[in-house]
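Please model the entire structure based on the sequences and the hints provided.
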Amino acid sequence: MHNAKYMSADEAVKLIKSGDRIYIQGSASIPEVLIDALTRRGHELRDVTLYQAFAIHKRVAPYCKPEYRDSFFVDAFFISGSVRDWVNEGYGAANPRFLGQVPALFRDGTCPLDAVFLNCSMPNPEGYVSFGVSGDLAVSAVETAKVVIAQINPHMPFSYGDPVIHISKLDAAVHVDDPLVEFPTAVPTPKDIAVGNYIAEIIPDGATIQIGVGGIPNAVARALMDHKHLGLHTEALTDGMLPLLREGVIDNSQKVIMPGKSVATLALGSRALYDFMDYNEDIIFKDVAYTNDPFIISRNPKVMAINSALEIDLTGQICADSIGERQYSGVGGQQDFVQGASRSEGGKSFIAMLSTTGKGVSKIKPVLTPGAGVVTTRFQSNYVVTEHGAVDLRGKNMAERAHLLISIADPAHREELERAACKRFGYAFLRTAPSLITREA
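The opening residue of the sequence shown carries number 0 in numbering that gives the first Met the number 0; numbering runs sequentially from there.
Hints are computed from structural coordinates only; laboratory data are not their basis. Don't take each hint at face value.
[What the hints assert, rightly or not] Think about it this way: if two alpha-carbon atoms lie no more than 25 Å apart in a straight line, the pair counts; the simulated DSS-like pairs of lysine-lysine are:
#	residue 1	residue 2
1	Lys395	Lys362
2	Lys16	Lys4
3	Lys64	Lys13
4	Lys190	Lys16
5	Lys64	Lys16
6	Lys145	Lys4
7	Lys145	Lys13
8	Lys358	Lys190
9	Lys145	Lys16
10	Lys4	Lys168
11	Lys13	Lys168
12	Lys422	Lys395
13	Lys260	Lys227
14	Lys145	Lys168
15	Lys260	Lys16
16	Lys362	Lys422
[Said to hold, decoys possible] Here are the computed distance ranges between Cβ atoms for each label pair:
#	residue 1	residue 2	range
17	Gly80	His174	25 to 33 Å
18	Pro111	Glu415	48 to 56 Å
19	Ala92	Arg377	23 to 31 Å
Heads up, the beta-carbon is just placed ideally off N, CA and C, and yes, glycines get one too.
Okay, here's the thing in structure tokens:
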């Protein structure tokens, strides 16, 4: 058994003591069995810090209960649904940091780790296990933590690259049979498809793409099926990429960084995606400090970074992590890829969103909602795309930007936005030529 230290989950978590700091692996691979065992010790533990990042949950985290408020403290680099209410109620806290910079916090001791909880694949013939769908922060956490505890899970695919460790290096291994979270493939709506088509028209053949998660990213992927020689260097590998990979649209032939290989740091999708990844040498998972390094990203030509937003103001300030003062998610890799794309030869970044919320509220606003966080500043915004068109803010002054953004707002809200822009920018807004609008529905 390659000197594996197998034991029960309850035995494994006895390695944790009060005051410890633990990183809990995320993506679609939260180690639920270990978390349950740790929670069962809640009555005897105090001041245990739980670091978390991007994760898709099966349930609300069991330690997010009033009786454990002095036992466990959630310190979140990204707010997932499993802890969102708990953090917003004040029992945990958001830790603002670009995701690609978090590994440095572990490595330089700013956020020291006593332990890490992993969810790993079955060992290969040489005894190595893979972190599978979640390299991101887990790579640096394993490198720096004093104690490494892992679930050994037959449902976890074996991915190549950084997230691999020999099973003998684990301080505790717990065999589990725990299916991974599957993120349903979002079927694009007609509005999503319109957004996707606008973006795909601007993306050239030979581009290196980064696409996020959801209906609009899937619509973009569908619209790219007639492209040629695309490359993939992304944060999240999703189901939307599967057809492009299977049909050879993504062949990575024109990349400078790791040509011939698709590069990601986490995966989020269906079982079909996880099976496609399993022992696939054409897909390489890397530490998020590598995938999200803007200077590495920029070395690829024609980087196309496609991300989303919750709202944007008329000057181009982009909020993607909060709804007013309520923390909803985190900055993730948006800013890393926006910056990387801006430095790439021929690169472009896109903020893609529907023009209104499900309740009909405009996402394009005169000013951001009080308390909203700015993820991408107005000094960095490039293309903004809604179902009504795509506009390029690069090189445009405030008054010009207002005209462009109003042109892709929901028609029912344009008059209100024009009044606000006129009040804010005065004669500069009135004299700005409508011919600035480069693309309109």
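How the hints compare with the structure:
1. Lys395 <-> Lys362: holds, 20 Å
2. Lys16 <-> Lys4: holds, 19 Å
3. Lys64 <-> Lys13: holds, 21 Å
4. Lys190 <-> Lys16: Violated, at roughly 51 Å.
5. Lys64 <-> Lys16: Holds: lysine 64 and lysine 16 sit about 20 Å apart, inside 25 Å.
6. Lys145 <-> Lys4: Distance ~16 Å between lysine 145 and lysine 4 Cα, so the pair holds.
7. Lys145 <-> Lys13: Holds. Lysine 145 to lysine 13 sits at ~14 Å (cutoff 25 Å).
8. Lys358 <-> Lys190: holds, 15 Å
9. Lys145 <-> Lys16: holds, 12 Å
10. Lys4 <-> Lys168: holds, 9 Å
11. Lys13 <-> Lys168: holds, 18 Å
12. Lys422 <-> Lys395: holds, 19 Å
13. Lys260 <-> Lys227: holds, 16 Å
14. Lys145 <-> Lys168: Roughly 11 Å separates the two Cα atoms, so the pair holds.
15. Lys260 <-> Lys16: Roughly 42 Å between the alpha carbons, so the hint for lysine 260 and lysine 16 is violated.
16. Lys362 <-> Lys422: Within the cut-off at roughly 19 Å; holds.
17. Gly80 <-> His174: 25 to 33 Å: Roughly 28 Å apart at Cβ, these two residues keep to the hinted range, so it holds.
18. Pro111 <-> Glu415: 48 to 56 Å: At roughly 50 Å between Cβ atoms, glutamate 415 and proline 111 fall inside 48 to 56 Å, so the hint holds.
19. Ala92 <-> Arg377: 23 to 31 Å: holds, 27 Å
Comparing the model with each earlier hint shows violations of hints 4 and 15; every other hint is respected.
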